[in-house]
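Numbering (my numbering), first residue to last: 16 to 559.
Check the hints yourself; a few may be wrong.
[As the list claims (entries may be wrong)] Calculated lysine-lysine pairs in the DSSO-like style (CA-CA distance at most 27 Å, straight line):
#1 554 - 364
#2 158 - 132
#3 96 - 357
#4 460 - 245
#5 274 - 164
#6 554 - 357
[As the list claims (entries may be wrong)] Label pairs and their in silico Cβ distance ranges:
#7 285 - 155: 17 to 27 Å
#8 251 - 528: 19 to 29 Å
#9 319 - 68: 46 to 56 Å
#10 528 - 278: 49 to 59 Å
#11 126 - 161: 38 to 48 Å
#12 231 - 83: 23 to 33 Å
#13 192 - 294: 32 to 42 Å
#14 547 - 459: 22 to 32 Å
#15 468 - 445: 38 to 48 Å
#16 160 - 281: 23 to 33 Å
Hints listed in this document are in silico derivations from the structure and should not be mistaken for laboratory results. All C-beta atoms, glycine included, are put in the ideal place defined by N, C-alpha and C.
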Amino acid sequence: MAAQMLDVDALWHQLQASPPLMYATAGVAVLVLILSVILLRDTIMACRVSAVPGPAALPFVGHIPYLLSEPWNRFGEWARKYGDIYKIFIWGTPMVIVSSPELVKHILRDARDRFPKDNWSYSFFGPILGEGLVTASGASWAKQNQALKPKFKHAALRQYMRAFTGAASRLREAWAAMPSGSVVELDSTFRQVTLEVIAEVSLGLTPADASVLPELFGEIIDELNQRMWKPWRAFMPGEITHQRRIRELNDIVLGLIRKRKQEYAEAEGIPAGRRVLDEDEVLAAGASVDTAPRGGDFLDIMLQSESEFTDTEMLDELKTMLMAGHETTAMMLTWCTFLLAKHPDEMRKAVAEVDAAWEASGVDGPKDGKLGWAGIDRMTKDSDASGAPVDTYLHYALHEAMRIYTPVPVLAKCTRDEGEVLGGAPLPAGTKVMLCCVALHSDPKLWGSDVQAFRPERHRGSEHRKLPGKLYPFTFIPFSQGRRECVGRRLALVEAKTILSYMLRDFEITLAPGQTAEPRTDCYMMPLRPEGGMRVQIKPRVRH
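Can you make the complete structure from the sequences, with help from the hints?
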């Protein structure tokens with residue numbers, strides 16, 4: 016014992032005599048302590064979710080190495096191997112992944128109050144979403160939802176059709192000015208078009224006024240997506256530029272809010288042309304888009320709401336609308352156009368429906384005609400007055416595109432209560448629960464053995480609609496489901512169908528030479544994008 020004490024004493028004197036060695040030893044000791052604490056925490060967390068199966072995890076990093084390449088496909092593989100509920104670990108934090116309509120229905124409807132949104136998962140987009148409708152909760156969410164949701168009904172959307180047809184006409188004119196056989200890149204094209212639309216219906220901006228937004232939004236969104244997988248980018252030199260862009264966007268939107276409020280003050284009420292129209296006024300519109308009454312935009316809706324919105328609340332909501340209202344719609348259009356171009360038979364069916372819609376509008380000649388209400392209703396309604404589904408091929412094609420290339424691969428929730436039972440497994444409070452839309456949308460049990468094929472008809476009276484227990488709505492959730500279903504779902508679909516109806520009427524669209532028929536997706540971007548863009552070849556369509 017005395018010899019051991021002498022050894023320790025000698026070591027201590029040796030460390031004192033060499034400060035670098037002492038500091039290095041202290042550093043190693045601190046590192047070992049930190050790693051021990053992390054390992055203990057991870058062990059405790061693993062024990063608390065031990066009832067949930069899942070693939071073996073690596074110490075400290077969990078399953079991150081397995082997700083560095085095609086992460087969403089990996090989720091589907093694990094679902095097929097471990098079942099409809101399994102767990103993974105990200106930096107030691109457990110995440111429970113679910114992919115069955117039964118569990119999705121339980122989380123989104125039956126026990127929705129016990130599965131609130133996971134704030135951490137949405138925090139990456141906090142700089143651009145703030146506390147808008149996507150990220151808000153509780154009273155804040157209820158206030159925004161009550162003010163905005165009624166303005167997204169099918170009939171109410173008529174007052175925004177001028178924006179849809181205007182953007183579609185500008186795209187048609189731009190393509191018509193190109194030589195036959197020109198190649199266009201769909202991703203950037205549709206992001207530009209859809210941002211023009213949402214800027215007009217949200218803030219009343221003209222395309223010229225909104226010209227600064229595409230580049231600004233694109234840079235901010237790309238950086239935020241990168242940070243989901245590379246959080247250290249927040250500490251890199253590029254952070255200064257990133258923050259400057261966010262401030263610039265905030266200044267633009269806040270400036271528009273204050274300018275509009277000044278208009279209200281000067282008018283001592285609602286300025287001319289700014290009154291938000293009710294559904295009856297919208298339905299009283301004539302047969303032409305050009306004769307439709309021009310009502311207020313989304314900013315006017317908030318300014319005229321019985322619930323008062325602060326400038327910060329309006330800023331967050333408008334930024335949410337601008338982002339969510341163009342990115343997802345653009346990707347839906349990109350993937351649908353690609354799939355139609357890849358499948359000539361399906362393209363012919365879509366074109367036939369488009370021609371019938373234009374004929375119903377009384378426009379069958381001049382290519383500068385406007386799609387009238389008869390054609391618009393024929394193209395855009397997904398149900399009739401009785402609630403029965405309306406067979407519109409473009410509706411099914413867009414849904415099939417979102418099934419194959421799901422825009423948002425996962426929806427993030429968390430458990431509220433200790434011991435919450437999910438799929439027979441008790442979970443601790445605060446457990447992150449990810450609804451894996453990708454695995455749900457590619458499950459052969461729901462969609463058939465041809466699940467990888469592009470077959471729009473599968474959305475018409477298909478087997479997954481006939482599942483027991485009212486599971487059908489929860490088999491297909493690109494816009495989520497239940498109380499927090501995306502309020503802009505109808506707007507996005509009507510806008511996409513309108514733009515497609517203009518494109519397909521006047522142009523033959525095929526895959527460009529060199530464009531692969533099996534594109535890789537950029538797995539680290541939300542919504543899901545084609546890696547390297549998507550190129551098609553356009554030619555003026557010969558009408559018979």
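Status of the hints after comparison with the structure:
{"no.": "1", "hint": "554 - 364", "result": "18 Å, holds"}
{"no.": "2", "hint": "158 - 132", "result": "17 Å, holds"}
{"no.": "3", "hint": "96 - 357", "result": "31 Å, violated"}
{"no.": "4", "hint": "460 - 245", "result": "35 Å, violated"}
{"no.": "5", "hint": "274 - 164", "result": "25 Å, holds"}
{"no.": "6", "hint": "554 - 357", "result": "16 Å, holds"}
{"no.": "7", "hint": "285 - 155: 17 to 27 Å", "result": "25 Å, holds"}
{"no.": "8", "hint": "251 - 528: 19 to 29 Å", "result": "39 Å, violated"}
{"no.": "9", "hint": "319 - 68: 46 to 56 Å", "result": "53 Å, holds"}
{"no.": "10", "hint": "528 - 278: 49 to 59 Å", "result": "51 Å, holds"}
{"no.": "11", "hint": "126 - 161: 38 to 48 Å", "result": "23 Å, violated"}
{"no.": "12", "hint": "231 - 83: 23 to 33 Å", "result": "30 Å, holds"}
{"no.": "13", "hint": "192 - 294: 32 to 42 Å", "result": "39 Å, holds"}
{"no.": "14", "hint": "547 - 459: 22 to 32 Å", "result": "29 Å, holds"}
{"no.": "15", "hint": "468 - 445: 38 to 48 Å", "result": "40 Å, holds"}
{"no.": "16", "hint": "160 - 281: 23 to 33 Å", "result": "31 Å, holds"}
Of the hints listed earlier, those the structure fails to meet are numbers 3, 4, 8 and 11, in rising order.
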